[in-house]
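> Which chain is which? The protein sequence lines are A and B, in order. Each residue of the first sequence is one higher than the last, beginning at 1 in UniProt numbering. Each residue of the second sequence is one higher than the last, beginning at 1 in UniProt numbering.
I should point out that these hints are in silico values taken from the structure, not numbers from a laboratory. Hints are supplied without guarantee of correctness; some may be wrong.
As the list claims (entries may be wrong) - Okay, derived cross-link-like pairs now, DSBU-like style, lysine-lysine, Cα gap no bigger than 35 Å in a straight line:
# : chain 1 : residue 1 : chain 2 : residue 2
1 : B       : Lys175    : A       : Lys104
2 : B       : Lys39     : A       : Lys104
3 : B       : Lys43     : B       : Lys2
4 : B       : Lys23     : B       : Lys11
5 : A       : Lys18     : A       : Lys2
6 : A       : Lys19     : B       : Lys175
7 : A       : Lys19     : B       : Lys79
8 : B       : Lys14     : B       : Lys148
Note that this is a predicted model, so its numbers are computed, not measured.
Here is how the chains run, residue by residue.
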Amino acid sequence: MKSCLIVDDSKVIRMVAKKILQELHFETQEAEDGKVALDLCRRQLPTAVLLDWNMPVMNGMEFMREMRALPGGKNVIVVFCTTENDISHIQEAMEAGADEYIMKPFDSEILQAKFQQVGLLED
Amino acid sequence: MKPEDFDYIAKTLKDKSGLVLTKDKSYLLESRLMPLARKRGFKGLDDLIAQLRRRDLALEKEITEAMTTNESFFFRDSKPFDQFRQVVLPNLLRTRASRRSFRIWCAAASSGQEPYSLGMILKEEAARLAGWRFEIVGTDLSSDILRKARTGLYSQFEVQRGMPMQLLVKYFKKKDDMWEIDQGVRSLVQYKEWNLLDDLRPLGQFDVVYCRNVLIYFDQPTKAQVLEAIAKQMTDDGVLYLGGAETVLGVTNAFKPIPGQRGVYAVARGTDVKSLGEET
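Excised from the complex, chain A in its bound form (with noise of 0.2 Å):
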């Protein structure tokens, strides 16, 4: 089964992520900021991570580098799910080594073509 860490402060948010993959069939995780998600990472990497930007104590970016420097990070695949929408944040996050980028507010429709888009799931 594929899995996926929600990492992001907004308990709302990692309640509706949740709920959406799991109708997708994936094992989900949660953790409030990148440090909570980094510790799990280190104990097991998931297939995924859905990545809020701005959190407190480590920041989704900060995150980010650190993950893909674990044995396997590389791996992961991370598609940030921010409300930072401008283009030059994208940029920014592709060129940090994202594989995708949602802009919230999102659905269910727009979560599940963007898992498509980077091979999570089937068309």
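Given chain A, put chain B in place with the hints provided.
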């Protein structure tokens, strides 16, 4: 709604656009025609239908447009676009090397996502296409939806459905709350209001036709009529893309499936489909 009113609207739709409205879809009439009734200053659907019965041709057109489904998104289903880029385009570059030109037709262009997706692919292949002339023609029954297509403006929701972020960054810019597609991509597409039941000959000949998720709304004879008319507008080695739930099989012999490529068809009067099929 009275059964005779439903039948009258269903017949109008069928005659004007080929669209088949079955009784189980009668709920659509209310949800889609009430806004039109209000816009026209009618109290309800009864008044709207009474006006329609007076042979109000402008209203016939507005009703047809309101009942047409315009769902579209960028790189919809991805495979028809991957296949075009990986198989059909290289084939066109080889077979059209002497004339260095080709034409693509999006027969139900809707709000423009399909023709612009192809436009972005062609932009991405600019180096191989240097010195080539190509044209994307987008047609649709609805003038309103083509107006939107021409603006090249999409909501955040629309640009997220199917659009890889690399292409979003490269070919769009933010304009207030909307995303505007690059003028270079927009200039590749020419839009025309066209009914697929009308004479298609003025549109000219095409090398590639996308006619996706349109036939599902037609009955069998209309499907056959439209497919046969499209085939006549295609080069002998032309390629047709249909939607995932559509097929030519059992409908017409004007096209034949390309082996291993679901939803992709070759003009039957042509001969060589092997080069477009999967290698075995």
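> Hinted pair, alpha-carbon criterion (35 Å max): Lys39(B), Lys104(A). Please report holds or violated.
Given that 35 Å is the threshold and the Cα spacing comes to 33 Å, the pair holds.
> Below or equal to 35 Å on CA atoms is what counts here, so check Lys43(B) against Lys2(B).
16 Å, holds
> Keeping to a limit of 35 Å between CA atoms, is the pair of Lys19(A) and Lys175(B) held or broken?
33 Å, holds
> Straight-line Cα separation of Lys18(A) and Lys2(A) no greater than 35 Å?
13 Å, holds
> Would the hint linking Lys14(B) and Lys148(B) be met if the CA-CA limit is 35 Å?
25 Å, holds
> Would you check the hint for Lys175(B) and Lys104(A), treating anything up to 35 Å between C-alpha atoms as holding?
17 Å, holds
> Given the proposed pairing of Lys23(B) with Lys11(B), does the C-alpha separation stay at or below 35 Å?
12 Å, holds
> Would the hint linking Lys19(A) and Lys79(B) be met if the CA-CA limit is 35 Å?
28 Å, holds
Hint check: no violations occur; every hint is consistent with the structure.
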